[in-house]
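Colleague: Residue numbers (our numbering), protein chains in the order written: chain A, 1 to 424; chain B, 425 to 663.
Hint data in this document are derived by calculation from the structure and do not stem from the laboratory. Please read these numbers as outputs of a predicted model, since none were measured by experiment. Built from N, CA and C at the ideal position, the CB exists for glycine as well. Do not rely on the hints blindly, as some may be mistaken.
Claimed, not checked - Have a look at the derived ranges for each label pair, beta carbon to beta carbon:
(1) Ile2(A) / Lys614(B): 32 to 40 angstroms
(2) Tyr512(B) / Ile2(A): 17 to 25 angstroms
(3) Trp355(A) / Gly573(B): 20 to 28 angstroms
(4) Leu655(B) / Gly409(A): 29 to 37 angstroms
(5) Lys549(B) / Trp355(A): 50 to 58 angstroms
(6) Phe4(A) / Gly573(B): 22 to 30 angstroms
(7) Phe4(A) / Asn600(B): 41 to 49 angstroms
(8) Val298(A) / Asn452(B): 52 to 60 angstroms
Stated by the list, open to error - Cβ-to-Cβ under 7 angstroms is the rule here; a few derived chain B residues that face chain A:
(9) His503
(10) Lys504
(11) Ala507
(12) Arg510
(13) Asn511
(14) Phe516
(15) Asn522
(16) Val526
(17) Leu538
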Amino acid sequence: MIRFLFKGIIKDKSRSLLPIIVVSLGVMLMVVMFCWIHGIMGESLRLNANFNTGHLKVMTRAYAKDADQMPNDLAILRVDNQLKELKTAYPNLDWVKRIRFGGLIDFPDSNGETRAQGPVVGWALDLFSPESKESLRFNLERSLVLGKLPAKPGEALISDLFATKFHIKPGEKFTLFGTTMDGGMAFKNLIVSGSIRFGSASLDRGAVIADISDVQLALAMDDAAGEILAFFNSNRYDNEQASAAALAFNQKLKSIKDEYAPVMITLREQSGMADFIDYVDAIGSVMIIVFMVAMSIVLWNAGLLGGLRRYNEFGIRLAMGEDKDHIYKTLIYEAVFIGTIGSVLGTTFGLLIAWYLQTVGIDISGIMKNSSLLMPSVARAEITPTAWYIGFIPGLISVVLGNALSGIGIYKRQTAQLFKELEA
Amino acid sequence: MDDSVIIKIERLAKRFPVGTGEFTALHNISLTFQKGEFTGLVGPSGSGKTTLLNIIGTLDYPSEGEVEVVGRSVKGLTHKQAAYLRNYNIGFIFQTYNLLQVYTVFENIEFALLLQNHTAAQRKKAVMEALDWVGLTDKFNSKPSQLSGGECQRVAIARAMVKRPLLVLADEPSANLDAKNSHNIVQMMKRLNKELNTTFIFATHDEKVMHYLDRIITLRDGAVDEDRLILTRENQLLC
Ligand SMILES: Nc1ncnc2c1ncn2[C@@H]1O[C@H](COP(=O)(O)OP(=O)(O)OP(=O)(O)O)[C@@H](O)[C@H]1O
Ligand SMILES: [Mg+2]
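Bound-form chain A, shown alone:
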């Protein structure tokens, strides 16, 4: 019987082909968009974690209040000691000290006059310790455009945009101007070892990356650092673990009333990240709802949903001795059948397109020019495990729900009434 009915659906193009096309298109679009948004958001989240927030961050309470302004006068003192303590207390995390700083770089010409000058945002990282993962985290190797990575103290990387603009070659000397911890003027001569492009507009505007020992020297931050960051070894942010760690850490220091006492903050708690993470998590649900509604409306308007157009057939089947419950049930089976085929097709094509977008990527640096969030400039889709099934939810529900609702008409009308539509 079921087989017989399925044969009927397949032969009746208006009942199979069109709904399947609508569902597959919808599901395909949804899968592509899901992977796409997830790719961009996920990448952006990773960039933010790697460059700015870490999975956990320790700062002084005072620094934490204005962390965006990189107030290095409020930096953590005796930072190596602090770092060692943290490493022992939380061995499952990778702890690193960093200094973020604002400043100016100045390239002299052969006469010592300024040839090129520009504001920069700087990262002081542990580049030279053998166990340091910082250059991996910053993806330095692959972001390198000219020259090489710093190999010894005194060498630094600069933005390729800056280097290109002023025709700066590796090996050139420049002076970094900044502010010392106690508010004085600081400068240090460094050598360009290479230029880098991260592929994120806000990072590439003007950046300097130097080893932390150089910056500590330059800014008179002996054994001090603005931030200590921690990363899960899995490299995936785990909010539960992070929150627990931060809570325990902060609880212990609660009684101390010193604004230079350290405070531990999770990635989620840092500026704007909570909304961002929630948004990434919510994408799936939001898209399911949007696409479900959209597909239902399209199917409905096209009159493709079961029931309504099929009273003639139902009348015949009733006359032949099929009962209403059975007709209703087969209507749902049909919907599951159509919905499944549509979802499978849509998901397959969607994943193929997503896979292409994951491999190739699209340059969105133009759109992202003024964004302060760290966004990758080449957007790539990301096929997450969810992408394999997420399209089935709206794909199936839109058709099943549609048929379930329109099928109620079978019960609402008297048998003879349904039947009368035969005569018309």
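Chain A is already provided as a structure; the job is to place chain B with the ligands on it using the hints.
Modeller: Coordinates of chain B with the ligands only, in the frame set by chain A:
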């Protein structure tokens, strides 16, 4: 109930809600049908022929009175029970054929059997036999759209007959057919009526159909106006 009685109707009334009031489509109908009858309901348009057939066929229910079909009172049948009764005992034939367009002739007829539990081989045998009754064995693989009106109606007859019901209800089966085809299909049904002892009840305006009936019940304004046996040669022999 007498074993030879297939339908027994007593003081049947049928009212339809119309606007705020009611419209009485049938009233005070009392009729008995014997197994093997070949009977026509005739009467002007709106006299209640279709309404009566629908009630006998359990597609509609009586407002008042008693209706027994194949020994079962239709009052209080759940729609499952009514469906079961139709499935095993009643075949329908319509003015507009009502074949399922997407299926072949074979499948249209087979459909009636799918609701019962037969094996594929049993179904095939029964369908081919039914097609043989109506002379369409060579068209089993055609689509309804490829058939003439007369052929469609013959398929519909085969579909109604394939499960060998006790009762066939035919609402204006010849209304869309020309004279030749009308004669043809009624003769076909008459033959099946004789061979299988199936009871046929028609609703019809068609003089050509009336010619073959052995009982004519005339309805007027929802009531039985006249109920007469026709003395065909066979009936005469019986009398
Ligand atoms: N569902 C309904 N609601 C209201 N009135 C109805 C309904 N069904 C039938 N009627 C009325 O009942 C009367 C009998 O209708 P019915 O269809 O039985 O007539 P009929 O004898 O079959 O006519 P025809 O020869 O035109 O087919 C008609 O007046 C019709 O308008
Ligand atoms: Mg009628």
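Colleague: Does each hint fit the structure? Answer for all of them.
Modeller: Hints, one by one, checked against the model:
1. Ile2(A) / Lys614(B): 32 to 40 angstroms: At 38 angstroms between Cβs, range holds.
2. Tyr512(B) / Ile2(A): 17 to 25 angstroms: Holds - the Cβ-Cβ distance for tyrosine 512(B) and isoleucine 2(A), about 21 angstroms, lies within 17 to 25 angstroms.
3. Trp355(A) / Gly573(B): 20 to 28 angstroms: Violated: the Cβ-Cβ distance is about 55 angstroms, outside 20 to 28 angstroms.
4. Leu655(B) / Gly409(A): 29 to 37 angstroms: Because 49 angstroms falls outside the window, the suggested range is violated.
5. Lys549(B) / Trp355(A): 50 to 58 angstroms: holds, 53 angstroms
6. Phe4(A) / Gly573(B): 22 to 30 angstroms: Given range 22 to 30 angstroms: holds, Cβ gap about 26 angstroms.
7. Phe4(A) / Asn600(B): 41 to 49 angstroms: Violated, at about 27 angstroms.
8. Val298(A) / Asn452(B): 52 to 60 angstroms: Distance hint for valine 298(A), asparagine 452(B) holds at roughly 54 angstroms.
9. His503: Since chain A brings a Cβ to about 5 angstroms from histidine 503(B), closer than 7 angstroms, the hint holds.
10. Lys504: holds, 5 angstroms
11. Ala507: holds, 3 angstroms
12. Arg510: holds, 4 angstroms
13. Asn511: At 3 angstroms from the nearest chain A Cβ, asparagine 511(B) passes the 7 angstroms test, so the hint holds.
14. Phe516: holds, 4 angstroms
15. Asn522: At 5 angstroms from the nearest chain A Cβ, asparagine 522(B) passes the 7 angstroms test, so the hint holds.
16. Val526: Result: holds, 4 angstroms to nearest chain A Cβ.
17. Leu538: For leucine 538(B), the interface hint holds, since the closest Cβ of chain A sits about 5 angstroms away, which is under 7 angstroms.
Checked against the numbered hints above, the structure breaks hints 3, 4 and 7 and satisfies the rest.
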